[in-house]
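Novice: Since chain A is already given, all that's left is putting chain B on it; use the hints.
There are 2 protein chains.
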Amino acid sequence: MAVNVERNGQATAMKKHTISLYVSNKPGVLIRIALVFARRGFNIDSLVVSAAHDPSFSRMTVVATGNESTFDQILKQLSKLVDVIEARDATLEDVVQRELALVKILATPETRGEVFQVANAFKSDVVDIGANTITIMTTGKPAKMDAINSVFDKYGVVEVVRSGKLLIGRGDSIM
Amino acid sequence: MAVNVERNGQATAMKKHTISLYVSNKPGVLIRIALVFARRGFNIDSLVVSAAHDPSFSRMTVVATGNESTFDQILKQLSKLVDVIEARDATLEDVVQRELALVKILATPETRGEVFQVANAFKSDVVDIGANTITIMTTGKPAKMDAINSVFDKYGVVEVVRSGKLLIGRGDSIM
Numbered sequence: 008m009a010v011n012v013e014r015n016g017q018a019t020a021m022k023k024h025t026i027s028l029y030v031s032n033k034p035g036v037l038i039r040i041a042l043v044f045a046r047r048g049f050n051i052d053s054l055v056v057s058a059a060h061d062p063s064f065s066r067m068t069v070v071a072t073g074n075e076s077t078f079d080q081i082l083k084q085l086s087k088l089v090d091v092i093e094a095r096d097a098t099l100e101d102v103v104q105r106e107l108a109l110v111k112i113l114a115t116p117e118t119r120g121e122v123f124q125v126a127n128a129f130k131s132d133v134v135d136i137g138a139n140t141i142t143i144m145t146t147g148k149p150a151k152m153d154a155i156n157s158v159f160d161k162y163g164v165v166e167v168v169r170s171g172k173l174l175i176g177r178g179d180s181i182m
Numbered sequence: 008m009a010v011n012v013e014r015n016g017q018a019t020a021m022k023k024h025t026i027s028l029y030v031s032n033k034p035g036v037l038i039r040i041a042l043v044f045a046r047r048g049f050n051i052d053s054l055v056v057s058a059a060h061d062p063s064f065s066r067m068t069v070v071a072t073g074n075e076s077t078f079d080q081i082l083k084q085l086s087k088l089v090d091v092i093e094a095r096d097a098t099l100e101d102v103v104q105r106e107l108a109l110v111k112i113l114a115t116p117e118t119r120g121e122v123f124q125v126a127n128a129f130k131s132d133v134v135d136i137g138a139n140t141i142t143i144m145t146t147g148k149p150a151k152m153d154a155i156n157s158v159f160d161k162y163g164v165v166e167v168v169r170s171g172k173l174l175i176g177r178g179d180s181i182m
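Each protein sequence line maps, in turn, to chains A and B. Numbered as in my numbering, the first sequence ends at 182 without a single skipped number. Numbered as in my numbering, the second sequence ends at 182 without a single skipped number.
Certain hints may be false.
Computed cross-link-like contacts, DSSO-like style, restricted to lysine-lysine with a CA-CA straight-line distance of at most 27 Å [unchecked claim]:
#1 K151/A to K83/B
#2 K151/A to K148/B
#3 K130/A to K33/A
#4 K22/B to K130/A
#5 K22/B to K33/A
#6 K87/A to K33/A
#7 K83/A to K161/A
#8 K33/A to K130/B
#9 K83/B to K23/B
#10 K23/B to K148/B
#11 K23/A to K33/B
Simulated DEER-style distance windows between Cβ atoms [said to hold, decoys possible]:
#12 D61/A to N139/B: 18 to 24 Å
#13 L82/A to G137/B: 35 to 41 Å
#14 T118/A to R47/B: 31 to 37 Å
If you are wondering where the hints come from, they were derived from the structure by calculation, not from laboratory data. Where a beta carbon is used, it is the ideal one built from N, C-alpha and C, also for glycine.
Here chain A stands alone, though its shape is the one from the complex (with noise of 0.2 Å):
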């Protein structure tokens, strides 16, 4: 965890936090959430925005990392939003995280045996073959994507889409 210190002397540390928003899908939101990122210094690690059950909202999920004096203040901000229905801190809450990425990965037809056994062994689904690359479409837990990415590093990775996190309430709560 880095540490920054302050104009005031005091130390504060960085950290990354997971904040959920509930929101109304219309022009000009997600620019205003950004701002409020922005101008307290956070920077935005990955954004999630897609159309919640009922079209007219959309949710978000954002990772974001930055001075955590700061960040309850990040957080009124966002309630304080105009169409922002809901914003809460979700980095300590109990819920189901998944990812999802798509990698490409150097196989050439001596190592594809292998990167097809690695991909296996992580529940990967080959979704598509080139002449010298395997593309894979893996889900999880954010660590095991990380886990993932530095495996086939040793077989080359060309490229990696990652969907940044998604949450969802446990048992039966609603986020």
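Specialist: Just chain B, lined up with the frame of chain A:
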């Protein structure tokens, strides 16, 4: 497809576009990109942002709906933005498309068996079970996601979290 009439009287079609972007992972990039769409009246339907294999870059996939005639200008403006390495229209490209969804469905002990069956038919994994709900994870092309949503509507869909469309080039091609 909705048809709008512009000021000059020319009828223009609203169309859904998929844009693939490769950008520097710097604060503010997201806002500048969102502004380009907002200024031209394009609504962002879904957006996926996550770190590329090289973490100093991010990959974005945007699905946006708007006036067909202004779309070329949007693409040009995106390409000119600082920190945008590449912006391209992937709407008609031959790419692998996948999406991830977490769906929480009403399932009493009586209907649970049925819901399991449907989930299996769609090759979906059950990721959580509550007293009155089942949460499944499913991956596939966006059309499959819509089909799943409508099938489960019969039982009652409590919550849906979708990743939006992820794209990766076919064969050995890199986007």
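Novice: Now, for every hint given, state plainly whether the structure supports it.
Specialist: Against the structure, the hints come out as follows:
1. K151/A to K83/B: violated (37 Å)
2. K151/A to K148/B: holds (22 Å)
3. K130/A to K33/A: Answer violated: K130/A to K33/A is near 38 Å, above 27 Å.
4. K22/B to K130/A: violated (37 Å)
5. K22/B to K33/A: Holds. K22/B to K33/A sits at ~17 Å (cutoff 27 Å).
6. K87/A to K33/A: holds (16 Å)
7. K83/A to K161/A: With a Cα-Cα distance of about 45 Å, the restraint between K83/A and K161/A is violated, given a limit of 27 Å.
8. K33/A to K130/B: Violated - the C-alpha atoms of K130/B and K33/A are around 33 Å apart, more than 27 Å.
9. K83/B to K23/B: holds (17 Å)
10. K23/B to K148/B: Status holds; Cα separation ~16 Å.
11. K23/A to K33/B: Holds, at about 16 Å.
12. D61/A to N139/B: 18 to 24 Å: holds (20 Å)
13. L82/A to G137/B: 35 to 41 Å: violated (27 Å)
14. T118/A to R47/B: 31 to 37 Å: The hinted range 31 to 37 Å is violated for T118/A and R47/B, with Cβ atoms some 46 Å apart.
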